[in-house]
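Number of protein chains: 2
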Amino acid sequence: MKKVPALKDGDFTLTESVAILLYLMRKYKVPDYWYPQDLQACARVDEYLAWQHTTLRRNCLRALWHKVMLPVFLGEPVSPQMLAATLAELDETLQLLEDKFLQNKAFLIGSHISLADLVAITELMHPVGAGCQVFEGRPKLAAWRQRVEAAVGEDLFQEAHKVILKVKDSPPADPTIKQKLMPGLLAMIR
Amino acid sequence: MKKVPALKDGDFTLTESVAILLYLMRKYKVPDYWYPQDLQACARVDEYLAWQHTTLRRNCLRALWHKVMLPVFLGEPVSPQMLAATLAELDETLQLLEDKFLQNKAFLIGSHISLADLVAITELMHPVGAGCQVFEGRPKLAAWRQRVEAAVGEDLFQEAHKVILKVKDSPPADPTIKQKLMPGLLAMIR
Chain C
1 MKKVPALKDG DFTLTESVAI LLYLMRKYKV PDYWYPQDLQ ACARVDEYLA WQHTTLRRNC
61 LRALWHKVML PVFLGEPVSP QMLAATLAEL DETLQLLEDK FLQNKAFLIG SHISLADLVA
121 ITELMHPVGA GCQVFEGRPK LAAWRQRVEA AVGEDLFQEA HKVILKVKDS PPADPTIKQK
181 LMPGLLAMIR
Chain B
1 MKKVPALKDG DFTLTESVAI LLYLMRKYKV PDYWYPQDLQ ACARVDEYLA WQHTTLRRNC
61 LRALWHKVML PVFLGEPVSP QMLAATLAEL DETLQLLEDK FLQNKAFLIG SHISLADLVA
121 ITELMHPVGA GCQVFEGRPK LAAWRQRVEA AVGEDLFQEA HKVILKVKDS PPADPTIKQK
181 LMPGLLAMIR
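Same order as they appear, the protein sequences are chains C and B.
Everything in the first sequence is counted per full-length UniProt numbering, starting at 1 for the first residue and increasing by one.
Everything in the second sequence is counted per full-length UniProt numbering, starting at 1 for the first residue and increasing by one.
FYI, nobody ran anything at the bench for these hints, they're computed from the structure.
One should not assume that every hint holds.
The list cannot tell twin chains apart, which means a pair is met if one copy fits it or any two copies do.
[To be verified] In silico DSS-like links for lysine-lysine, alpha-carbon gap of 30 Å or less:
#1 K178 / K27
#2 K140 / K8
#3 K105 / K8
#4 K105 / K27
#5 K8 / K180
#6 K178 / K29
#7 K27 / K180
#8 K2 / K100
#9 K100 / K180
#10 K162 / K29
#11 K140 / K2
#12 K3 / K29
#13 K8 / K100
#14 K168 / K178
#15 K3 / K140
Since the model is a prediction, treat every value here as computed from it, not as a measurement.
Turn these sequences into a full structure, and let the hints guide you.
Following this line, the structure appears as structure tokens:
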């Protein structure tokens, strides 16, 4: 599919981060809270995983690209109107994440961390890496982030986000790479 | 979430079609082939369900809106350039569906129908309803559609797609409804 991430386990290859997480979770029989057996709790994880594709994931990725990556590739910033629209959409999605999913719970699904939190936090770290203050003025979301970091372990959390948190320091792209990626990039700024 | 479909089962409400299907499948203990216990087969269903959100679903929906629904709401067709771009993207996605998912198998995941086929066919019926010839020149995909229709049962298949197959005959939208839906509609044609 020419996409990352991809998993290769022996002869078996698999794309799509959500499918890969579910595969690993089943293969290694991880603790139940990651993807609960309980019918309704499991449905809440599924609901989040389905919802995020066209909302949080889309808008976090667009924020990163419009704020940092496209300027690096194109050599000039995207229009202020487009950037403002992208950040406004991200803001609306963060509000939904807080109001409809997190609510007053410790984690997105309830009192334990689940795959939903893991998928959500990795997306949110994209605009954070781009310098967006996604947790500012959102104390509930900020406290949740701390709980996720503590549940995963601070060292692992920092290691997992090391590259994305340094993305602002990316050197200008090599012209050959730039040329190759351009068609895909232009599709992204539509 | 102000979205359809939504499920209400006693006090439990759930959004997202994929989450709803998985919930019903687990609650009513349907035959294994819909969402196999086998680790790799299950991962293939998950892979398709994750993939389709931003690809087949997006492009089928856009084709329907750009070809039929927006003209009904706006009272004029979308620009030929935009419609052509939308249909070209749909075509690319259909190619991926055929090459990467269906390949030479009877169904998307293997020799049996699964949730992947069900989700895929309902999306494809959107551009079909809009008058796009999505199966023309694609004999493999057309044969697969026949197998899905036979597996589901022809009567149920026709009943499930009755509304979408008549969408071309929609009367012009009521001005009040038009006004209300306009902001969301304008976001859709970007």
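Right, here's what the structure says about each hint:
| no. | hint | verdict |
| --- | --- | --- |
| 1 | K178 / K27 | neither (39 Å within a copy, 50 Å between copies) |
| 2 | K140 / K8 | between (38 Å within a copy, 28 Å between copies) |
| 3 | K105 / K8 | between (36 Å within a copy, 22 Å between copies) |
| 4 | K105 / K27 | both (29 Å within a copy, 25 Å between copies) |
| 5 | K8 / K180 | within (26 Å within a copy, 48 Å between copies) |
| 6 | K178 / K29 | neither (42 Å within a copy, 51 Å between copies) |
| 7 | K27 / K180 | neither (37 Å within a copy, 48 Å between copies) |
| 8 | K2 / K100 | between (34 Å within a copy, 11 Å between copies) |
| 9 | K100 / K180 | between (40 Å within a copy, 23 Å between copies) |
| 10 | K162 / K29 | within (28 Å within a copy, 43 Å between copies) |
| 11 | K140 / K2 | between (37 Å within a copy, 23 Å between copies) |
| 12 | K3 / K29 | within (27 Å within a copy, 34 Å between copies) |
| 13 | K8 / K100 | between (35 Å within a copy, 16 Å between copies) |
| 14 | K168 / K178 | within (17 Å within a copy, 43 Å between copies) |
| 15 | K3 / K140 | between (33 Å within a copy, 25 Å between copies) |
The structure shown violates the earlier hints numbered 1, 6 and 7.
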